[in-house]
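2 protein chains.
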Amino acid sequence: MRILVLGGDGYCGWATALYLSRRGHEIAIVDNFARRRWDEELGVQTLTPIRPLSERLQIWRELAGRAIAQHIGDVTDYAFLSSVIRGFEPDAAIHFAEQRSAPYSMIDREHAVFTQVNNVTGTLNLLFALRELRPGCHLVKLGTMGEYGTPNIDIEEGYIAIEHNGRRDVLPFPKQPGSFYHLSKVHDSHNIMFACKIWGLRATDLNQGVVYGAATEETAMHEGLINRFDYDEVFGTVLNRFCAQAALGHPLTVYGRGGQTRGFLDLRDTVRCIEIAVENPAAAGECRVFNQFTEQFSVLQLAGMVQAAARKLGMEVEITHLPDPRVEAEEHYYNAKHSRLLDLGLQPHALSDSLLDSLMNTAMEYRERVDTAAIMPRVEWRSGTNRRGRAAGATVMANR
Amino acid sequence: MRILVLGGDGYCGWATALYLSRRGHEIAIVDNFARRRWDEELGVQTLTPIRPLSERLQIWRELAGRAIAQHIGDVTDYAFLSSVIRGFEPDAAIHFAEQRSAPYSMIDREHAVFTQVNNVTGTLNLLFALRELRPGCHLVKLGTMGEYGTPNIDIEEGYIAIEHNGRRDVLPFPKQPGSFYHLSKVHDSHNIMFACKIWGLRATDLNQGVVYGAATEETAMHEGLINRFDYDEVFGTVLNRFCAQAALGHPLTVYGRGGQTRGFLDLRDTVRCIEIAVENPAAAGECRVFNQFTEQFSVLQLAGMVQAAARKLGMEVEITHLPDPRVEAEEHYYNAKHSRLLDLGLQPHALSDSLLDSLMNTAMEYRERVDTAAIMPRVEWRSGTNRRGRAAGATVMANR
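Protein chains in written order, with the numbering used here: chain A, 1 to 400; chain B, 1 to 400.
It is possible that part of the hints are untrue.
As the list claims (entries may be wrong) - Dumping the calculated DSS-like pairs for lysine-lysine here, alpha-carbon to alpha-carbon at most 30 Å:
id	chain 1	residue 1	chain 2	residue 2
1	A	Lys197	B	Lys312
2	A	Lys197	A	Lys312
3	A	Lys337	B	Lys197
4	B	Lys337	B	Lys197
Hints in this document: simulated from the structure, not taken from any laboratory.
Chain A with its partners taken away, still in its complex shape:
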């Protein structure tokens, strides 16, 4: 299949591009390197030293004997995006090319507006480009489980049957997103649903949980293929961040009581879920939603697991509770369905001791690269303007 990976230089996108390339698909990556520039803006870097994209692709070509094309540009630039779609003629377009950090979107007004305009415009452009040039192409869009928030009822996969005053309908599941970033994904979901309805496009909206893990089989094949591993307060997801903290002997920073429960999945399951979606495309006119995670954990549970893994390496790590910088329930009901990908063949990697050991080892290996000043939360949801340390006064690194 001809598969376009938008945002293919990022954490999930890079792993996905290699995985699908190895399985024989023809892959082209679209990226504008915005993710690398946000590191520069914030004065942080991935724990693992990543190579320039062209070098990564060169190594992959030599190692796997497979070429991956790269198209460097911005999905908010329609002339660029449409020329790529016209030239590559994708059968599937996997859309990772968005600003994906909740804290980044909460820094200030400028970052909030940037996140929503960037993400909404990019997705609208992609919808119009597919409508115009490639209407049969399957859009696989990365959404987030954070779109749902934490309702006091079971979370279904995208839609819910509601009985009300003696009548019944199946309606989009109500959304209660918890940051301007999460809101941007909700906006996207509504736009995609509408485009499928009016134009007959086919889409799969993957409401992904929090991804953990450093490597896939492919990224582990060569040091030059290494994936990014973020541990900072803005882009670091919680489990990776805890591992980096443990490797340094830094206390694990639990926000609030730590009863915040979310869906999680291994990066190796992310790439497999994408493959499953691509191999089982949505029907024309269908906007299908899969909840893409494998296990639920509370933040405090995860901290305990990392503490135990560290202890096996002879390290005693504390768990500290910080005032929650976010506005969220610190204890709540959470039961989210996630059977559709399992029904299509996903065999999950459960979060195991060995994965935690390997994450800890990665963190230990690169511990001299950790900047502890980047770990403590400095972006407060309740504030309209956050100064981000070295980034104070810095403006959004625009995409172009």
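Dock chain B against chain A, hints included.
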């Protein structure tokens, strides 16, 4: 009260500004005249000749003895908007300042992106400005009944209690908007709900039905205060458009079967609803939703009523059914609740023969200004690129 009317030069905004000014409130208008420029872009004009804003305000000052301030600029320009909020210190901010036409948003990619970026950015800016400068100010935001779409269950006011698998929660009512414009209002609603939650802002989201009518008591006081009256396919709402068609002896153009049922209200009720919202502000942290309409009609019912009103004036007008340019159900269940404004004292103007007579008379009076070429629908939802006659090749009239 000190009340800021954003978009105060438009159809609802102008009537609201005068109404509240006459009742003793101190009013300031913010407008960038985008609405007037969209007429120029599309090559159409309001049926009623409207004066420049400064002239309108001069007449109002002389007639009513009350000054209304004007601030000319764009709400997407934060420096401008925040300087207005800082200087005027509003107790309530009524936000009409958005692109409000569904067909305009469906012209092509450029108009879709413009509508969403413009509306979402303006509302985000307003939320941040209130957070920073005037957190106690009550935001009264114009949404639309079109956010809900046409679900097969009763439509509640913003939120719905859902029982699911033995558990219960009150959640945002699921949204199924029918155009990129309607989607922009859904995006706004989610953003506002979140801002109230994290910052304790107070907001009333008015999901307004389709407004009809040409005049309020205030706009009728002087010819120079006349309100705009749009009849074209892009900005003309259905009842006003039917009256203009009838005045010309033009067939009433019903899209599809005409069973599309919506909530409607008289412009005189719009201004009173706004007053009720302002006088009964939301609590700090509350995002309250009122469904702002008074009666439900199907499009075919309205056509029949206009046909009858025309007959009284001795005119025989046909009703024609055109293929529906929109993607929408042409027959459907529709029962939307709208008790909250009634509970707070709204006494609705029902759509009466006399109102229809007066609308017909307005249309007759200015019939020589009608451009029949502007009436027939040329924006097709199913097309990704619509050429708008004289506007072909024209680009969005940017706000700045």
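For each hint, the structure was consulted:
{"no.": "1", "hint": "A/Lys197 - B/Lys312", "result": "42 Å, violated"}
{"no.": "2", "hint": "A/Lys197 - A/Lys312", "result": "53 Å, violated"}
{"no.": "3", "hint": "A/Lys337 - B/Lys197", "result": "26 Å, holds"}
{"no.": "4", "hint": "B/Lys337 - B/Lys197", "result": "25 Å, holds"}
When held up to the earlier numbered hints, the structure conflicts with 1 and 2 and fits the remainder.
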